[in-house]
Amino acid sequence: MTNEALLIGHYAEIALKGGNRHLFERALLRAARARLPAGSTVDLQGSRLLARLPAGVAVEAGVSALQRCFGIVSVRPARRLPRPAELQVLTDEAVLMARASGAKSFKINARRADKRFALNSPALNREVGGAVSAATGLQVDLHHPDLEIGLDVREDAFYLWGATLPGPGGLPTGTAGRALVLMSGGIDSPVAAYLAAKRGLLLSAAYFHTFPYTGEGTRQKVIDLCRALAAYTGDVRLWVGHFTDVQVAIQERVPEPLRTLVVRRMMLRIAEEFCRRERAGALVTGDSLGQVASQTLEALTAVGEVAALPLLRPLIAADKTEIVALARQIGTYEVSVRPFDDCCTVFAPKHPRTRPTRAEVRDAERDLEVDALVAAAVARSERLRVTVAGVAAYPPGGA
Amino acid sequence: MAATHDALGAYLDNAATTPVLPEAAAAMAAVLGADPASRRAGLFANPSAVHRWGLAAAERVAEARRAVAAVLGTTAAEVVFTSGGTEANHLGILGHCRAGVRRGRHLVTTATEHRSVLSAVAVLAAEGWQVTYVPVGRDGRVRPEDVLAAVRPDTILVTLAHVNNEIGAMQPVRRIADALRHAFGRGEGPRFHVDAVQALGKVDADYGAWGVDSASVSAHKVGGPKGVGALYLRRGTRLLPPVPGGEQEGGLRPGTENVPGIVGFGAALASRAQPAGALLRPLKLRLLAGLIQALPGVEVNGPDPADAEAAAPHIVNLSFAAVTPLPAEVLLHALEGVGIACSAGSACSARRPEPSHVLAALGLPDARVRGSLRFSLGPCTGPAAIDWAVRHAPTAIASLVRLEGRR
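Here the protein sequences come in this chain order: A and X.
Heads up, the first sequence is in my numbering, so the first residue is 1 and it goes up one at a time.
Heads up, the second sequence is in my numbering, so the first residue is 1 and it goes up one at a time.
One chain only, chain A, in its complex shape:
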C-alpha cells in the first residue's frame, strides 16, 4: 500500500441526529456520489466522509463537488499514509507538503484518534514540527502561520492535510422532504431556493409562462437557473405553468391597484396544485420584506392566506446586497441578470396598493372564476426534469 490522495469531508451537524443518523449519512453518501467526478469512491469513516478521486482528475474538481453537497461543513484535500508505518513516513510527507506550499511559517496541528499510538498530540506536534523546521528552515508560528498542517493518527493510517476549505453546511438533500419554489427569473427566487434546499429539501420549481407577454427567452432563463441549482440539489422538477389566460382575466376583471396581489394569489394557488402532484410539503418564495410594493407585511399576508401549505421565505430578512452576494457565490446571478423581460413590466400597475386589507383583495377577486382558471392553467402546464446538463426527458420511471 502506498500513499494516496483523498478528500475528507466533515459533517458536524448530522452527528447530532441520534437514531436517524444512518438516514442522513446515506443521503450524504448518495449526494456525494452524484456530485463527484465519475469513477470516484466514497466511504464513511467515523464522523467523516472519505472520497477518492480517479486517476487524472484534479483535486479541485473533487473539492468543488463536495462543496456542493449540503451537510458537508469542511473539505480537506489530504494524504493517507497506511499504517503500520514508521513516524519517518509521516514527517517526510509533512516536509514535502511544507516545501510545496511556499509558506514562510507553519504549525502542526496533530490529533491522535488511535490512543494506543506512542506519542500524544503535543508530542506529535513537537516531533513533526521539529523535523519540518530542521529540513526546510521554515519558522514555527503558533498564532499566524502561513501553513497549518493538520495530521490525524488513526488505526488504519496517518492522514495529513494542508488546508481546510469551507463546505456549504446544511443537511443532506432529501432528508427534509420536497418543496416547490416559485421562480420568476429574477435574482431572489433562486437564492431562496438554494437556502431552502440547504436544509435538506429536494427541489421542485414553478415558473409561470405568460406567452406572448413574455418570450421564450425568459423560460430558458428559468431553465438555466434550475440547472445552476441542480448542481447543489440534484434534478429539479420544473413546472412551466400556463399563465396567459389567468393574467388576461386579471387584467380584465380586477381593479388595477390590486392586480399584482391577485396575480400572486393565483400563482400560489396553481403552485399548490403542482405541490399536490409532486407530494411537495411546502412552498418557497424569494420575498424580502419591503423590497417592492407586494412585499409589505400587509401584502404578504393578503397573498399568503390562499396557501394551505407552509410558505417558506428564506430571504424575508435579507438585504438586496446580501442576496446578490449569495447569488454570485452559487452561480445564479449571471443568469438572473440576462436581459429578458418578465411580464411584470407590462402588467405592473402604475400605483399598486401597498397596504391592502385581506377583505379588499378577496373582494377584488369577486369577478374571477378562480377554481376554473386554476384548473385550466394546471391542465395546460408542462413538467420538465432539469439536470445540470439541461432539460432531460420526463419522467424516467414515473414520479
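None of these hints come from the bench; they were simulated from the model.
Even for Gly, the Cβ is constructed at its ideal location relative to N, Cα and C.
Please note: incorrect hints may appear among the correct ones.
[What the hints assert, rightly or not] To give a feel for the contact side, a few chain X residues facing chain A, derived at Cβ under 10 Å:
1) E329
2) V330
3) L331
4) L332
5) H333
6) A334
7) E336
8) G337
9) L400
10) V401
Chain A is fixed; fit chain X onto it per the hints.
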C-alpha cells in the same frame, strides 16, 4: 390565444439574416473536404498553397470575387473578403481615416447608421476626431446638399448606409457621389464609404462608376453563410488596415481565406433564387396593405414604401402604437405564436428599455417608437409567406389584452 407554432409560417426577419440558399450550401460542401469525393478533388486546400489543389481553391475564391464585383459594379481586383459586414465597415472607415489623418480629423455621417458604423466612428471620436451627423428627414433620408454642406477642408471621410437596416430608407448615394466629385474633382476631397450590407442585391448599385471609394457587404443577408463579407475598395485607394500583416487580400486582411464562406457567398449571389428587388417590392406592399386593412391605425415609420427612390424593396418598419400600447417585444412574441418571425425596432430589456436610435432620429414620439416592428423580406420569401402573415398577424395582435384604459 392560438397555440404556439414551432414551425415558421412566415420568416420576415431577413434583414437580420437569411437561410442559406441550396446552391450556396452545395458550393460550400464541395470545398470543405468532408466527404470522400470533395477530399479527392482537393478544393479544401489553402488557396495560398502553390500546388495545383491550392491553385484550384484560389480559382474558386476568384470566381466568388467576380460574383461580388458584378453585383457591386466594380472589378474583382477591388474586392477584399472579410469576416462580415461589421469588419468590412471597420476596415473601410478606420482604414480611410487613419490613412488620411495628416490631412484632417473630421468625418461626416448620420445618426441612423448601423451600430457597426457608429462603433467605428466612436473609436475615431475617442482618438480626437470630430464628427458631423447630417440630419435625416422624417423619411430617414439625407439631402445631398446637406451632406456637401457638412464637408470641411479637413474632412477625410463621408460614410452612409445605402439602405438603412431598420426602416429601409435609401440614401441618394449616387447623387451624393456626384455632388462630391463635382465639388472637389475626381479623386480629390473626402473619401466616400457606403455601408451596402442591406443594399446588396436588392437595389441598383454601380459603385465603381458612381465614384464611391468603398462599400461593405455581407453574405448572410443574401442567402450566403454567416461569417463572411467583403469590402469593395476603389483601385489605387490607400487604406491603413486596423489589423496589419499578412499577404492575403492585398495585405488588407491577414489570415487564411475563409474559402467555404467566400465560395458560399459567391454562389448565393449567382443563384437563380436570388430575388431582384423588383420582385420583393410588390410582396412587401401586399403585406403592408393587408396589415393596414386589418389593423387600422398601423403606421409606416420612414419612407413611403411604394417610392422606389426612397424605400428599399424588402424592409418596412411599422408602428402599432395606435392599435395597442403594448411594447414591441410583446407584439413580436404574439406574432411568434402564429409562426411569424420579425424584429422589434428597439433593443429592449425589462430593466433598461432602449428605444431604437434610428426611429428616435426620425423625431418620432417615444410611444410610437416602442410599438414598432420591422418586417424584412429575402430570398426565401414567397407569396405564401405573405399570405400567411396577412392572415394570422392581425388575429394574433387583436387577441392581445386591451390595456388602453390604463395609460
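Consistency of the hints with the structure:
no.	hint	result
1	E329	holds (6 Å)
2	V330	holds (5 Å)
3	L331	holds (8 Å)
4	L332	holds (8 Å)
5	H333	holds (3 Å)
6	A334	holds (4 Å)
7	E336	holds (7 Å)
8	G337	holds (5 Å)
9	L400	holds (7 Å)
10	V401	holds (5 Å)
Checked against the numbered hints above, the structure breaks none of them.
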